[in-house]
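Work the whole structure out from these sequences, hints included.
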Amino acid sequence: MSHAIPMVDVWRGPFLESTHVGHAVVCDASGHIVQAWGDADAVILPRSSTKMIQALPLVESGAADAFGLTDAQLALGCASHEGAPIHTDMVSKWLAELGLSDSDLRCGAEAPRDRKAKHAMIRAGGSPSQMHNNCSGKHSGFLTLTKHLGAGTEYVDPAHPVQLAVKDAFEDVTGMDSPGFGIDGCSAPNFGTTVHGLARAMAFFAAANEGAADGRERAAAKLTRAMATYPELVAGQGRACTELMNAMGGNVAVKTGAEAVFIAILPEQKLGVALKIVDGATRASECAIAAILVKLGVLEPKHPATLKRMNAPIKNWRGIETGIIRVADGFA
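Add 241 to the 1-based position in the sequence shown for the working numbering, that's all there is to it.
Wrong hints could be hidden among the right ones.
Unchecked claim - Distance ranges between label pairs, derived from CB positions:
no.	residue 1	residue 2	range
1	Gly272	Gly426	26 to 34 Å
2	Pro399	Ala307	19 to 27 Å
3	Ser342	Gly254	53 to 61 Å
4	Ala361	His244	17 to 25 Å
5	Ile363	Ala270	43 to 51 Å
6	Glu451	Arg559	46 to 54 Å
7	Asp409	Ala307	37 to 45 Å
8	Gly309	Ile561	51 to 59 Å
Stated by the list, open to error - Mimicking BS3-like on lysine-lysine, the simulated pairs with C-alpha atoms at most 25 Å apart in a straight line are:
no.	residue 1	residue 2
9	Lys357	Lys549
10	Lys357	Lys388
11	Lys463	Lys511
12	Lys334	Lys357
13	Lys388	Lys463
14	Lys543	Lys556
15	Lys334	Lys388
16	Lys463	Lys334
17	Lys536	Lys511
18	Lys334	Lys359
19	Lys536	Lys549
20	Lys408	Lys511
21	Lys463	Lys408
In short, the hints are calculated from the structure, not lab data.
It should be emphasised that the depicted structure is a prediction, and the values quoted were computed from it without experimental measurement.
Backbone N, C-alpha and C fix where the C-beta goes; we use that ideal spot for every residue, glycine too.
Set out below in structure tokens:
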């Protein structure tokens, strides 16, 4: 079995201060590995990197069409958003259209990650709601499917029809049975898979066609297009997902997950990418995914969004450059 390999080094002056190791796979539409680093068979929890998979039943069931969901709403359904007004206003309207409210969500209240929204809430003497939760778009999608199916209110229960549909879609597109699940930060089950399985799923999305006969394939293509069209809804201002998708001109969809997971969907190349940094460091996953995207020719190495994450200088509180976060020798 292969082991995790060094992917990102952190230097302070002439000293190698830290090294982040990980696994990554680039997969083609047939499910075959084009290139791999580390252990392709390492089992991981993909966390929020698979929100587009969790949204597949919403679209392929006909629920999205039945409730007139827009591409913007579908993008928000795949989001780990900032809780800025651009996100919460849309969630509030979405719930109202369903005849529901914040209390129907099961993701839990979370303070806005958007600094302006958070400070405004504090000044107004307000408190966080579930709509501020970074997963509230995904949960609005779950509620839409719940209503379409006429199912019970506890849609995050692993035995609920919504989560059974998610599991079916997840195992289908990853091409393997899931070894189990953990409960995510938003209370929904998060199914495990291998790095190869996750890359295989992303390659399925990359090769999907909205004109296909297969409903799941049409759904995957529609969700990919929605994400790439509305990158500001998928994450938010200053976030890696939004900035990297903008840098690639809407030609590639990317999505981060907690504990340093990152995926990429490349429709023009029909390639899927999955990445996991073992120690869970976000700074490393962002650097590593940028390096892979540069290697695949879809991200300009000198673009500001790239330079912010790959081979990025480290500065102290006085603005003095003290080191660098860079791609490890031999990776990508």
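These are the hints, each one checked on the structure:
1. Gly272 x Gly426: 26 to 34 Å: 30 Å, holds
2. Pro399 x Ala307: 19 to 27 Å: 25 Å, holds
3. Ser342 x Gly254: 53 to 61 Å: Between Ser342 and Gly254, where Cβ atoms are some 54 Å apart, the hint holds.
4. Ala361 x His244: 17 to 25 Å: 47 Å, violated
5. Ile363 x Ala270: 43 to 51 Å: 48 Å, holds
6. Glu451 x Arg559: 46 to 54 Å: At 52 Å between Cβs, range holds.
7. Asp409 x Ala307: 37 to 45 Å: 20 Å, violated
8. Gly309 x Ile561: 51 to 59 Å: At roughly 54 Å between Cβ atoms, Ile561 and Gly309 fall inside 51 to 59 Å, so the hint holds.
9. Lys357 x Lys549: 22 Å, holds
10. Lys357 x Lys388: Violated - the C-alpha atoms of Lys388 and Lys357 are around 34 Å apart, more than 25 Å.
11. Lys463 x Lys511: Measuring from Cα to Cα gives roughly 15 Å; hence the hint holds.
12. Lys334 x Lys357: 21 Å, holds
13. Lys388 x Lys463: Answer holds: Lys388 to Lys463 is near 21 Å, not above 25 Å.
14. Lys543 x Lys556: 19 Å, holds
15. Lys334 x Lys388: 16 Å, holds
16. Lys463 x Lys334: 22 Å, holds
17. Lys536 x Lys511: Between Lys536 and Lys511 the Cα gap is close to 15 Å, so the pair holds against 25 Å.
18. Lys334 x Lys359: 20 Å, holds
19. Lys536 x Lys549: Given that 25 Å is the threshold and the Cα spacing comes to 17 Å, the pair holds.
20. Lys408 x Lys511: Cα-Cα ~24 Å, so holds.
21. Lys463 x Lys408: Distance of about 20 Å is within 25 Å: holds.
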